[in-house]
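The lines below spell out each chain.
Protein chains: 2
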Amino acid sequence: MRRTPLAELLQNELERQDFHPRLPGYKRVYEAIRSAIVSGRLPQGSKLPSSRDLAQELDASRNMIVAAYDQLQAEGYVDSHTGSGTYVADAVPDGFNAKTMLRPAPLAQVQEEAVLSKRGGRLTVEQGFAAYEVQPFALAGQMDLLNFPIKTWQRVQSQVWRREDVGLYDYDTQGGYAQLKRAVADYLRVSRGVTLAAEQVLITSGTQQSLDLVSRMLADQNDVAWVENPCYWGAWSSLYANDLSIRPIDVDEDGMNPSAADFASAPPKLIYLTPSHQYPTGAVMSLARRQSLIDYAQRTDAWILEDDYDSEFRYAGKPIASLQGLAAEAGIHKVLYMGTFSKVLYPGIKLSYLVLPKQLVTPFKTALYDLYRPGQLHLQASLAEFIDQGHFTTHIRRLRQAYSQRRTLLLAVLEKSLHGQLSKIVVDAGLHFLIRLPAHIDDVELTAHCQSQGLSVRPLSRYYIGSTQARGLVVGFAYVDAKDLVESGQRLGHLIKAALEAAPHSTEKALYETR
Amino acid sequence: MRRTPLAELLQNELERQDFHPRLPGYKRVYEAIRSAIVSGRLPQGSKLPSSRDLAQELDASRNMIVAAYDQLQAEGYVDSHTGSGTYVADAVPDGFNAKTMLRPAPLAQVQEEAVLSKRGGRLTVEQGFAAYEVQPFALAGQMDLLNFPIKTWQRVQSQVWRREDVGLYDYDTQGGYAQLKRAVADYLRVSRGVTLAAEQVLITSGTQQSLDLVSRMLADQNDVAWVENPCYWGAWSSLYANDLSIRPIDVDEDGMNPSAADFASAPPKLIYLTPSHQYPTGAVMSLARRQSLIDYAQRTDAWILEDDYDSEFRYAGKPIASLQGLAAEAGIHKVLYMGTFSKVLYPGIKLSYLVLPKQLVTPFKTALYDLYRPGQLHLQASLAEFIDQGHFTTHIRRLRQAYSQRRTLLLAVLEKSLHGQLSKIVVDAGLHFLIRLPAHIDDVELTAHCQSQGLSVRPLSRYYIGSTQARGLVVGFAYVDAKDLVESGQRLGHLIKAALEAAPHSTEKALYETR
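Sequence order for the protein chains is A and B. Our numbering numbers the first residue of the first sequence as 120 and each following residue consecutively. Our numbering numbers the first residue of the second sequence as 120 and each following residue consecutively.
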């Protein structure tokens, strides 16, 4: 059966939605059309087919199409004129506003309409956030605790428990155990060029808590937040849960790259970025960009939240100092800096840190206590000891070495499989790397294919807000046992090669079949 | 100097504000006037003195009074007519709405006007939330870990760490460690009459996290929440931080007692209550009240959040089964049940639980993971072992016995000091008790007096939202070492006795001095 161009477009959109498996059918159609409208692929004023025709073309129930049209109309994306059909509205709500793109109908709200609050719906949108989490690409079935000095960690913890310091059993009212704040400050000052005093450190129970706290403390509902595009999904989910109006800013090889239109639009309250190692592209923000962003934040009174999430892992070259330090040197105190121990020690440790401009320390400490009432002082004290006794730096050094070897090994295997076809791999840092692919390759489909072969990778296009030409695979190599790397790397190489070779053919086939 | 009745009223209000030591002067004046207006003590249409006169009477700067008047006018509490003065507005904003009472100008926002978001301001209002936390009334300078089996706890933890189960190092994606959920379910079923399956349990990092999660998942900004009046400040602060419209419902000796007007008003999304042992009065909710509230929740589709925060400590009589169980028996699944290990083991353990109606389990689990990304599985596994090996029930039994002895001892000491003057002490459960005092005694002043003598108590009137005739002292006896109880108890008795005897005189004196 021949399809109209619109049906074709929608079919493609629908195929790209397989990360939302639990969305009901009409929502998927709604999403597909809305996304086509917002991205401009369905221009304003264009006529939509009748629900009956579209249902037939998509092989879907007519009720489903009617429900999707109804919602589009209720939200102002389309106009329905009795007798003459349905048209894309001239003024699309929110214009080309990222906010619209970022708000698929909350999953849970759809399913439990009467049950959850609106924000509850936002908290449960996309069961699939975990689908963005980069996993070891070849799963040994178990987490890799490479080189983690379990015995040492247990010994340090036992020492702390044996102190029988009753203060450690109490709540943490100080935004962190003093010795740990001092240890973190010393580490960040030396290793990351962060300008700080120990009292500017706030110990949180993880990156998500840091993000939640910053979002709530510095921005209200509908305030604008800039995020990188592609973006770290965990940040996205937190800002979204807190009902911010998210504006995705394109990223190139020099990091976040706001356009003239971005700079001209309403200034954000918050700019979230990963300048040292952009997630997931690995781009390092250039000095010029850093300075321009700091200037901009200062001028517009925006806060910059610098997430230095895996700064520990840099395999070559000189580590780039933090943006926070650069700003502080210029006397500008608009940068909050955050990091975590989950990536370096183990995920479940749930200890992270925020470095705050001085004026924010007291209110943040109060809010942290009132909102979450922290504790776990034995754990905090143990980590402080672990750092002070030198185990932390030893561990980082070992990890860096091991990860670097794994990366080199996997790259060699892939280069061999793909000889010369890997045009551009960003690999300068981090726990994963990105294999960029030509725009005509469907990275979602390739991911599914890898998955079916037991290889866990992530499609680059999924990290984008809105539509993108970018295609690629995000490959988490760090936690893969070296002995699995060669065999799994070869399999991955073959799959990529097959996709590269098959892609033009499959596109032709698709065209043939549907036109 | 003679004062006008208004100045008198304001002076009293100001004196009652000493729990907000960091509020700037004009905010305190603003608060005092606003509170007088909202409570009806300053009737609509009454004329306020000129700023110059009021400044003189209060011995304050005129600028301060002008700033307070300006804010009152901006918010619609007063009208200013050029040439004729300032009057209390006829239509007070929000009417007699608890919301107004609950929203003193956020502390941090005042100080850092341009810095924090509105919700950030709400998160930092009242540096003094900690001032509500009931402390051991006689501080030994250290937390009391009475009977806590430190060695056993360390041994159990070591066992768990020695398992070298790598899964325990990862995030907790299941809303809690399965063994712990099962252990909690077994305990609650038997001890608290909660009707549940293990999968309905969600392990959270503390009461505040449970409250935050429930507030966000089930209620939006401005949705109505009922709370008990007086109220647990930690719940208040969480609901307030999440911008709910809080309606305080009076409590009597049978617990929360909604009036006809309450029932007739817009139904709440959420009803927060402590039916087994009302905080801080200790009232036990009667069966009739429980049933009527369950019916009401069912009829209006409200959620009940039952906080059974120290259900473990009941010194006499048969423990009252949970409201959740009562509802479930009637086939009504509108009750969320919460509890914590912080009160029974030690505060910093930060492990609490929520029991959810089945339809809420999946969305709450998703939201818990996305918002907070929990971990600490070694700790959860250790607690599960601690319970399964029987240490938990042994510990509770020992604590209950010890606390009961302390309570009896302190009561005996107080009875002796006050012979017969302690009319009504609610002491049937919990870690504190309440000494009720006659309405003419200023419990805030008495608290300050106790504090100056090294005794930490809390004034009952402070737990009320809005004005109240209730006066009393909340005395945390549980953590006080028995050897401190006698001496400190005697001192406390003397201070109360002195207040009872001096009160009429001091009232007269105040009248004399100021009229």
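Incorrect hints may have been included.
Note that identical chains are pooled: a pair holds if it fits in a single copy or bridges any two copies.
[What the hints assert, rightly or not] Derived pair list, reagent style DSBU-like, types lysine-lysine, alpha-carbon separation capped at 30 Å:
#1 Lys-616 <-> Lys-477
#2 Lys-453 <-> Lys-602
#3 Lys-462 <-> Lys-477
#4 Lys-616 <-> Lys-535
#5 Lys-477 <-> Lys-237
#6 Lys-484 <-> Lys-237
#7 Lys-616 <-> Lys-453
#8 Lys-462 <-> Lys-484
#9 Lys-616 <-> Lys-270
#10 Lys-453 <-> Lys-477
#11 Lys-462 <-> Lys-166
#12 Lys-535 <-> Lys-453
#13 Lys-602 <-> Lys-270
#14 Lys-484 <-> Lys-616
#15 Lys-484 <-> Lys-602
#16 Lys-477 <-> Lys-535
#17 Lys-535 <-> Lys-602
#18 Lys-270 <-> Lys-484
#19 Lys-484 <-> Lys-535
#20 Lys-462 <-> Lys-602
#21 Lys-166 <-> Lys-270
#22 Lys-616 <-> Lys-602
#23 Lys-453 <-> Lys-484
#24 Lys-237 <-> Lys-535
To be clear, the hints were calculated from the coordinates, so they are not data collected in a lab.
When no copy is specified for Lys-477 and Lys-535, does a C-alpha distance of 30 Å or less occur within a copy, between copies, both, or neither? neither (52 Å within a copy, 52 Å between copies)
Could you place Lys-453 and Lys-484 in one of the four classes (within, between, both, neither) given a Cα distance threshold of 30 Å? within (18 Å within a copy, 35 Å between copies)
When Cα atoms must be at most 30 Å apart, do Lys-462 and Lys-166 count as within-copy, between-copy, both, or neither? neither (50 Å within a copy, 64 Å between copies)
With identical chains, the pair Lys-237 and Lys-535 could be close in the same copy or across copies; at 30 Å between alpha carbons, which is it: within, between, both, or neither? Classified as neither: same-chain Cα gap 51 Å, cross-chain 57 Å, threshold 30 Å.
Within, between, both or neither, where Lys-166 and Lys-270 count as close if Cα-Cα is 30 Å or less: neither (68 Å within a copy, 74 Å between copies)
Quick one: Lys-270 to Lys-484, C-alpha cut-off 30 Å, is that within a copy, between copies, both, or neither? neither (33 Å within a copy, 33 Å between copies)
Within a copy, between copies, both or neither: where do Lys-453 and Lys-602 come within 30 Å Cα-Cα? neither (46 Å within a copy, 53 Å between copies)
Are the CA atoms of Lys-616 and Lys-270 at most 30 Å apart within a copy, between copies, both, or neither? For Lys-616 and Lys-270, the Cα distance exceeds 30 Å both inside one copy (43 Å) and across copies (59 Å).
With identical chains, the pair Lys-484 and Lys-237 could be close in the same copy or across copies; at 30 Å between alpha carbons, which is it: within, between, both, or neither? both (28 Å within a copy, 17 Å between copies)
Intra/inter-copy verdict for Lys-484 and Lys-602 if alpha-carbon distance must be at most 30 Å: neither (46 Å within a copy, 36 Å between copies)
Checking an output row: Lys-602 and Lys-270, CA cutoff 30 Å. Within, between, both or neither? Answer is within; shortest intra-copy Cα gap is 24 Å, inter-copy 42 Å.
Give the relationship of Lys-616 and Lys-602 under a CA distance limit of 30 Å: within one copy only, between copies only, both, or neither. Only inside one copy: Lys-616 and Lys-602 sit 22 Å apart there, 78 Å across copies, limit 30 Å.
Consistency note: the structure conflicts with the earlier hints numbered 1, 2, 7, 9, 11, 12, 14, 15, 16, 18, 19, 21, 24.
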